[in-house]
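Q: Sequence:
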Amino acid sequence: MNLEQCALVTQGAFLSRVQSVPVTEEEKLGLHKCPLYSMKEMNEWLSPDPNVLSDNAQEVYVSYDRVDSLPIAREGWVLISLTGQRAVALKQEHVGKLIPSNFAIIEPTRVLSPDYLEWFINEHPDCRKQLKLATQGSSVAALSIQMLRTLEIILPPMTDQIKVGRVHRLLHRKNRLLQEKIVLEQQYARQIIMGYIKEEHK
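For what it's worth, this note's numbering labels the leading residue of the sequence shown as 267, then goes sequentially.
Heads up, a few of these hints could be off.
DEER-style ranges, computed between Cβ atoms [as the list claims (entries may be wrong)]:
no.: 1; residue 1: 416; residue 2: 445; range: 52 to 62 angstroms
no.: 2; residue 1: 306; residue 2: 274; range: 22 to 32 angstroms
no.: 3; residue 1: 293; residue 2: 458; range: 27 to 37 angstroms
Dumping the calculated DSSO-like pairs for lysine-lysine here, alpha-carbon to alpha-carbon at most 27 angstroms [said to hold, decoys possible]:
no.: 4; residue 1: 357; residue 2: 306
no.: 5; residue 1: 464; residue 2: 306
no.: 6; residue 1: 429; residue 2: 440
no.: 7; residue 1: 429; residue 2: 395
no.: 8; residue 1: 395; residue 2: 306
no.: 9; residue 1: 440; residue 2: 464
no.: 10; residue 1: 447; residue 2: 395
no.: 11; residue 1: 357; residue 2: 464
no.: 12; residue 1: 429; residue 2: 357
no.: 13; residue 1: 299; residue 2: 357
no.: 14; residue 1: 299; residue 2: 429
no.: 15; residue 1: 447; residue 2: 306
These are calculated hints, taken from the structure and not from any lab test. Beta carbons are placed, not taken as given, at the ideal position from N, Cα and C, and that holds for glycine.
Go ahead and model the full structure; you've got the sequences and the hints to work with.
A: Spelled out as structure tokens, the structure:
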């Protein structure tokens, strides 16, 4: 089954077309300030490192009459980086952020679980192969929206999709906890060593 048969696939906003650059504070008051979703945020979300900290999100100004037509993040959407070829199923933390054009936006229908789709795109070998082949021979290794629409996906029953997505989330959480354990063990060992050295050189 092609992805477009179970999801709407579009591209994020081209900032040069929608962004307004206010010069004065008065002009800012007449514009809507919108946080921007970034590649850095995606990488941090997918990282097993529990200590990654997001800086304050970049913000852009857009006119109020454009807001309703902009791709503003919603829980349940799945974003795919067109250059990084990684996917994230958006959660409540992401809601309200403007999605720029370096991301494809996937809006799954009721037959497709967002968490399952994140796992499938990031982990399934058949999908990784399709994405790799799609960018071979290109001077810019970027996916196209049309390619993503025709992406072949395996669509098991929803109950199985939910199970896969849940296991995927739990494994990610486990990896973060393991990384946190390693960091704490290193800190503890460092303290023991420093304490020993101080005792030896009294």
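Q: If a hint holds in the structure, say so; if it does not, say that too.
A: Against the structure, the hints come out as follows:
A beta carbon spacing of about 37 angstroms between residue 416 and residue 445 contradicts the range 52 to 62 angstroms that was offered as a hint. In this structure, residue 306 and residue 274 meet the distance hint of 22 to 32 angstroms, their C-beta atoms being roughly 26 angstroms apart. Here the CB-CB span from residue 293 to residue 458 is close to 58 angstroms, at odds with the stated 27 to 37 angstroms. Distance hint between residue 357 and residue 306 is fulfilled; the C-alpha atoms sit about 16 angstroms from each other, no more than 27 angstroms.
Restraint check for residue 464 and residue 306: the C-alpha separation of about 41 angstroms exceeds 27 angstroms, so the hint is violated. Between the alpha carbons of residue 429 and residue 440 the distance comes to roughly 16 angstroms, so the proposed pair stays at or under 27 angstroms and holds. For the proposed pair residue 429 and residue 395, the alpha carbon gap of about 24 angstroms is at most 27 angstroms, so the pair holds. As the CA atoms of residue 395 and residue 306 are separated by approximately 24 angstroms, the hinted pair is consistent with the 27 angstroms bound.
Note on residue 440 and residue 464: the hinted pairing is violated, with a Cα-Cα distance of about 36 angstroms set against a maximum of 27 angstroms. For the suggested pair residue 447 and residue 395, the alpha carbons sit about 34 angstroms apart, so the restraint of at most 27 angstroms is broken. Under the criterion of a C-alpha separation no larger than 27 angstroms, the hint pairing residue 357 with residue 464 is inconsistent with the structure, at around 48 angstroms. At roughly 18 angstroms between alpha-carbon atoms, residue 429 and residue 357 fall within 27 angstroms of each other, so this suggested pair holds.
Taking the CA atoms of residue 299 and residue 357, the gap is about 21 angstroms. The hint holds against a cut of 27 angstroms. Distance restraint check for residue 299 and residue 429: the Cα-Cα separation of roughly 38 angstroms exceeds the 27 angstroms cut-off, and the hinted pair is therefore not satisfied. Restraint check: the Cα-Cα separation between residue 447 and residue 306 comes to about 24 angstroms, which is no more than 27 angstroms; the hinted pair holds.
Hints 1, 3, 5, 9, 10, 11, 14 from the earlier list are contradicted by this structure; the remaining hints agree with it.
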